[in-house]
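Which chain is which? The protein sequence lines are W and H, in order. In our numbering, each residue's number is its place in the first sequence (first place is 1) plus 226. In our numbering, each residue's number is its place in the second sequence (first place is 1) plus 1356.
The set of hints was computed from the structure by calculation and includes no laboratory data. There may be inaccurate statements among the hints.
To be verified - As a list, the in silico DSSO-like pairs of lysine-lysine whose alpha-carbon atoms are at most 27 angstroms apart:
hint	chain 1	residue 1	chain 2	residue 2
1	H	K1848	H	K1834
2	H	K1514	W	K273
3	H	K1586	W	K383
4	H	K1441	W	K265
5	H	K1645	W	K383
6	H	K1789	W	K265
7	W	K383	H	K1820
8	H	K1490	W	K273
9	H	K1561	W	K273
10	W	K265	H	K1490
11	H	K1789	W	K273
12	H	K1819	H	K1850
13	H	K1819	W	K265
14	H	K1503	H	K1819
15	H	K1503	H	K1554
16	W	K383	H	K1407
17	H	K1645	W	K265
18	H	K1854	H	K1820
19	W	K273	H	K1819
20	H	K1854	W	K265
21	W	K265	H	K1484
22	H	K1586	W	K298
23	H	K1820	W	K265
24	W	K265	H	K1850
25	H	K1512	W	K273
26	H	K1769	H	K1731
As the list claims (entries may be wrong) - Distance windows between CB atoms, simulated:
hint	chain 1	residue 1	chain 2	residue 2	range
27	H	I1859	W	M253	38 to 46 angstroms
28	H	N1622	W	D525	50 to 58 angstroms
29	W	P257	H	D1439	42 to 50 angstroms
Just so we're clear, the structure is a prediction, and the values are computed from it rather than from any experiment. We put the CB at the ideal spot given by N, CA and C, even for glycine.
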Amino acid sequence: MLRYISKRLLYMLMSLFLIVTATFFLMRAAPGGPFSSEKQVPPEIEKNLNEYYGLDRPWYIQYVDYLVSVAKWDFGPSFKYKGQTVNDLINEGFPVSFFLGMESLFIAISVGILLGIIAALNHNKWQDYGAMVFAVLGISVPSFIMASVLQYFLAIKLGWFPVARWESLQHTVLPALALAATPTAFIARLTRSSMLEVLSNDYIRTAKAKGLSRRQITVKHAIRNAILPVVTYLGPLSAQILTGSFVIEKIFGIPGLGSHFVTSITNRDYTTIMGVTVFYSILLLLSVLLVDIAYGFIDPRIKLAGGKKGE
Amino acid sequence: MKKRSFMLLSFMLALSLFLSACGGFQKGNESAGEKGNKAADVPQELHVNIKTEPFSLNPGLANDSVSANVLYQTFEGLTRIKDGKPQLAMAESYEVSKDLKTYTFKLRDAKWSNGDPVTAQDFEYAWKWALDPKNQSQYAYQLYYVKNGQAFNEGKAKAEDVGVKAIDDKTLQVTLENPTPYFLELTAFYTYFPVNSKIAQKNPKWYANAGPDYTSNGPFKMTSWEHNNKIVLEKNENYWDAKNVKLTKIDMVMVNDNNTELSMFNNGELDWAGMPTGQLPTDSLPQLKKEGKLHIQPIASVYMFKFNTEKAPLNNVNIRKALAYAIDRKAIVENVTKGEQIPAMAVVPPTMFPENKKGYFKDNDVKKAKEYLQKGLQELGLKDVKDLPPITLSYNTDDAHAKIAQAVQDMWKKNLGIEVKLENAEWAVYIEKLHSGDYQIGRMGWSGDFNDPINFLELFRDKKGGNNDTNWENPQYKQLLIDSQKETDPEKRKELLKQAEAILMDEMPIAPVYFYTNTWVQKDNLKGVEVSGLGDVQFKWAYFE
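With the rest of the complex left out, here is chain H (with noise of 0.2 angstroms):
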């Protein structure tokens, strides 16, 4: 009996021990409960997941999509995208001048989320610690449309030279190396945010946690950073426009897993399920949908098979032409992603070119296609398609890369009787074959930054160098491309941009496949939720009804 109590004591005394060791843990606030109260007194809190954790809430040193949701609430830029249209922000008016190459932009008496005034001067200073070499900021490469901006970058200009300057308190001059007419659409882009640099020259980590340094000009306010973990924003009081903002707080999760999110969500846990923040398990969409409870939005992204144009026989333009059009996009579309996905066959998303929902040719156009083949075989000198070597089509390792690669591997076979190999590899890995060209076909997604067409067509400008990856060149289409950075009349700058566009799609280098979407459940009674076109989220006019 005595032994017994002791074995007792020693379990109570070693729980209490661990009990007492994490004693740091903070009371969960559920804020369920009152669910069925109207309108005023909804907790004007949202929670939404944000999957991983950001890899810098810097924005100049900013890369990514977690880093966007959570910077497009904290910081604002000269603009603000609403309804897909920039509109002022941070500045008040702007001048341009006639060949669209200088902007200068008048601020509005706006304040930082510590009482300091936002200044020129804090534009000037963030463009340029991003720029300057030394920082390693990987979007620098953005801030290339100012004057000197590439140069200074890459060490052959001064930082005076750089074409930004604060004339004043308020103030903001911008030159450009081209006249950009998508610009005002670039200054409401995370890398173009302005840094608080009276703070920013004191401590140069002060983008490494939340606390007195991280200070933002935005609608919302950062309040806690637990890494790995949770991201805490309160309404910033100090914002210009405070009187709009309706949400006093958001609390984002950082939950790397699918299921449990949708578990999450259907437990009251979440607010918003699903894109652009976190992801929908594929498997619970058609359900969903069933149910009426799924939102679709298209976005400027597209998913697109590469074609290697060095290695035979995909040398061949017929042949790739073949494997393009033997694509039945509607089916995969239908059966294998099941995200209302746009079949794609064009490459800009028809979010930039209406017209490019119906695309350049016809899907699953299997005669066409047949007729393609047999010109390519004889091109290449072969009696039958029996003759042509297996082709590797390759992906990175995930469920839905592979699934959508088995059935185009059974399209082809069944099309055109061409044999293809399947090859995944882990996403590092792949991505490197890609870059040096080992590869034959390669799959590969592919988002826009800012919301104009150049973001796709410029990706198969030059040969090396970029993300072309295909090894084609066309000197027509560059000249087009360049032609249209000079361009400034916008209509005639579109045109340009079509006939490169249909130069591509003659040629084929790559085999567009989808034009992306996002899905996501959320709260019957949150509105005002702003999704842009390029798939970032902001939540500045989002309520509780």
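The following block holds chain W by itself, in its conformation from the complex (with noise of 0.2 angstroms):
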């Protein structure tokens, strides 16, 4: 086990080293510059500028400069907002991002497999065909349209929410419902199919024959079974939803990561990019990681590669 993780581990430095690589290479070849505008600088101002952010250095240099800071965890000044450094805007934007998210997934999660049970246990029943229609809806409409249906209704016409920002706790229900809209519907499809599948399964009629009632026969044993899919899809998706997403920030103006994640390239903010993708690669690798160990605990048939030879 222990092997297999720095194995893992390993691997993951390697890839790390070659997203900052290419990011960094594909970012300098994208033509204009951070400051590039209708008023253009003088091209005294600009020089200073770029003596001042390292830009009139060799390529390479300016490379091997930037492992170097990557390693130590520090990104540089950012071009687009003076005074603030780039790990200054991801200590600030990613608890936002985070706390949204995790919402989103708590949202996700218990709305996704309650609906998805109580779809399989009515199998072709009216229970079942709401479920799903409320799931096709929930995959089908992009998250901006449900996040403006969800302002007009919740917001405008009965005023429960406000309509938007981030202050207090009942800032965040609208976003988050909207974020969760897609996750829910699919963790409902995924546990709705496998809890059919396991529920034809021949231990759930023994387990009928020998007389425990429906609850516990769902419980005990159906949902554990049932739940691999939705753990497996978990690991991209908190990754992908932990760092935030630019369309629900920006239509509900949340100060999260996920903004900086796209404005920082239209502005060709550099040390944005760079540490916003290093930081969100991270991310991503390690809940990859984090979920192919939980599938280990979860189920014991499955082991991890690399633990023994010859089976």
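Got two chains here, each in a separate frame; can you build the complex from them with the hints?
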């Protein structure tokens, strides 16, 4: 197990190195620079700026400098926001995205699994159809439309929640719902189909024959097995949801990390692009690793590779 | 049963963990509730949207409208613009030398928000700091009017040579390069604001956050700055004119979505939606106008197409004229942009030259355009317009620009028979292409930094350097602008500038399309907000009735 994890960590470092390198060169290859605007900066001032940010040095020195500062977890000053470093942006933005992400994950997992189970237990009855109509809607309606619809009905018409922004717990409800819609629907469908499969298995019939109650069968025997595909899906989902969604953060005016991910590219804010990309990559790689490890605990049938030979 | 309660318990545990992890929320303070009340007890708290995080709230570094919209509330220069005219602000009085090159300002007894007196040294320090090349101010060139400002910024002169000097605590002497008739407009601009030199010298990062070191000398002081989220301004009791400031608090939130902004306004979460701090969705404009809620104000800003005059066939003046004359500007303004913009047949906005509402030629003059086209084709040695290779029209990726480009493409095809290809690129790529001359026709918006036509004409003075992009240069035009810099009589100067504009509109290195307007909605009982012709906003005199 330990060997497996250390091996995986090594691979992670290698992928990270590749990501940093690719981003660095792709970014420099894009036309335009951080100081281009319709009001061109006089050449003398641009020279000063380039000197300050080290952009006048040859690319290989910039590249090596960059690798060193990434290793030190120091991403440098932001080009776009004077007086703030990229570390500040991440430190301020990530907790917000994380909180919002956790809230939507909580909604997605609890509502999704519940809906899936209800649908499966009432196979081909109205509850099943109802839940699946909801799921199809959740998957096919894009999140920005979902967000506007929620704003219109729950905020403007009913006045239950504020339209946008990030101030109190009440403010977090609408964006969390909008962000959770698609994963909820997805999890509901996953749970339903794997639940149906599990329910048709022999050991469920045995349990029924033993005279166990329906609730006991569902909770004790069915759910634990049915939940595996959901766990698989959770890895990439949590990485994606925790780093923030650009669309949701924009519509609701949330100061999270997701907006930096997109706007830094339009701004050619080199240091922010790199910092946010590295941060996101680490999060993604880690969450995939965690899911793989979690597998082993949930389903003893799955063995982690690299443990023993010749099975 | 046991298992179920366990699951429930773990869910609850997880939830309470999230909640406790983020206990740092502030209570939303809803000022709604007591709406119907009468004058005296109306809360004087304003909620506006500024869209994004400002670039910098150090006046010497700011170079964008978001920062400007905050700085105009918190700081104050020697003068302040009211009703389009500069009035004395930090300066109590001033004297000008005969050659209009030396200004001596007497400062009034004013204080910084922490109680320190505002001194002439604070001005000297701030201007020299912005000009100092090691501080990389991208707007340092706004101070090039001051003697040796440019030389110091380029490392060719020393700080002592710069023409700004504190004679004593309350007297500031400014020497200029040229007689600059609009200098009192400039001193209201944010790059000319003072900075509390006592603090700035001790803490070079004073401007990064709100706090005891962030002091300002304007009607409001910044009490909180949550980056990318919200700025809170409160009335500055130390402001010299505090008795005329009625707002007690301004919440500036950062929501970068036009539809959300309007929804927030409709829901009472904002008192103002739209320009100059935010923006309304274009689709909502006709409806808001019909309901009589829309406020419209022309501003000093022009939308134009630049011609690359070194690329055939745009090197031919008659072809350029044909293209410029064959645009139906009225149709664009009414059907595409919908914000009551003013069709532009000139380059200097009517807020500066009122007679430019009419302009130098007729809008949508297809007959003339066809004549110019024929003449141009002849000069190029072409028999028919079909022999003309397709022209590429470029714009930066944006829904509104795309719609305008399509309309113009259609007009040129229909009116002149010219084939036009459209091309769009993301902003940073696009601007690079324009600056390097890698385009045929490209859109551009241009707005004035201060209230003077030179803002718009200077653009095309030099072929290289600056923001010309058209590769056009004209010795006579250039001379007129140089002469205007030295002319001390305002009427004569205006005449020179008009002559220059006439040359520009005859040579047509650009085709102006429309003059921008600011459109917004505001609470009915909000009064006294000052939106200038340049599109800046000042809340100093604002109040709720």
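**OP:** Please name the hints from earlier in the document that this structure breaks, with their numbers sorted from lowest to highest.
**Re:** As far as the earlier hints go, 7, 17 and 22 are violated by this structure, in ascending order.
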